[in-house]
Amino acid sequence: MHSTFINKKICRTLLASAVAVGMLGVSNSVIASNSAEATATARVIAPIAIKKEVDLNFGTFYPSEGTITVSTSGFRSSNGVIVAENNSLDTPTTAARFNVTGEPGALYNITLIAGDFITDGGGVNKSMNLTLISDLDASNTTSGQVANGTLTGGAQSIYVGGILTVDANQVTGDYSGTVTATVEYN
Amino acid sequence: MPPGVVMSLVIAIAVVSVASVARGATGKARVSATVIAPATVQSVIPTISSRDIVSGMTDDCVQRTGNLVGCIPSRVDDGILTGDPVNGLGLEVAEQERPGRARVNVTVRYN
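As they're listed, the protein sequences go chains A and B.
Taking our numbering, I'd label the letters of the first sequence as residues 1 to 186.
Taking our numbering, I'd label the letters of the second sequence as residues 1001 to 1111.
One or more of the hints may lead you astray.
Some, not all, of what chain A presents toward chain B, calculated at C-beta under 10 Å [to be verified]:
#	residue
1	49
2	90
3	115
Straight-line Cα separation of at most 25 Å, SDA-like style, residue types lysine to any residue; simulated pairs [said to hold, decoys possible]:
#	chain 1	residue 1	chain 2	residue 2
4	B	1028	A	141
5	B	1028	A	91
6	B	1028	A	145
To give an idea of the chain B side of the interface with chain A (calculated C-beta under 7 Å), a few residues [what the hints assert, rightly or not]:
#	residue
7	1025
8	1026
9	1027
10	1028
11	1029
12	1035
13	1038
For the record, the hints were derived by calculation from the structure and aren't laboratory data.
The structure displayed is predicted, hence computed values, not measured ones.
Think of the CB as a built atom: it goes at the ideal place given N, C-alpha and C, for glycine as much as any other residue.
Use the sequences and the hints to build the structure in full.
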């Protein structure tokens, strides 16, 4: 009888412990089941690109003090400089044109830099100062630069003219230089 | 430096470079111009049309010699001409005994 009583006591203890453990497990399950959701999104856009289509050409002129301007539409005018118009030595004047492509509707910045404009001939006056002009619609602009644009339809053109300062003793020869155009998404 | 650290640095640099290329781009255009020497006129004008000279004595000389060049000694104040073409250069012919003056237009043009 004594052993039976002990066995029953042990059983009740074990049963209570099992119930306690079960209740603890249930409690823990309720705490661990909380959760939340977040939405992840991403957008892939086209990289911006630029390609030169036309170079900038001032044509032919004589050593004479003043300036020569090629507008963004390619029209040449001069102030004090005598140009060789209607001459077989002259070449058609053109404004430079860059085509920009990228994400439709994107805004972008424009930076233009003119390198040294120089001839291989000797002498002091073998270079000329070049000031750049630019716009986005070839509207015969003769001063100033455009600083930014919008890729409407995913494309836009940048037109670049310039102003050359010529010396009365300018060295004769073929002059060359470069215009570097850098575009970057805002 | 452990190899793993080096690989991480290389991957990081590559990711930054790709991002720069996609965000910006650069293009270059050539700029050109030509400067040529101006035209000059030689010190002697070899041929003058007799129709532009109004002078009885010169006309007599031309009839006698058959050409105008020998009848008119040349003396030209030359110098550097500017422009192309150059128009309206003046030529005056003066005779000692019976003055006759005429202005002849000379045009200088590069070929």
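Practice item. Find the hints from earlier in the document that the structure breaks and name them by number, from lowest to highest. Key: Hint check: nothing fails, all pass.
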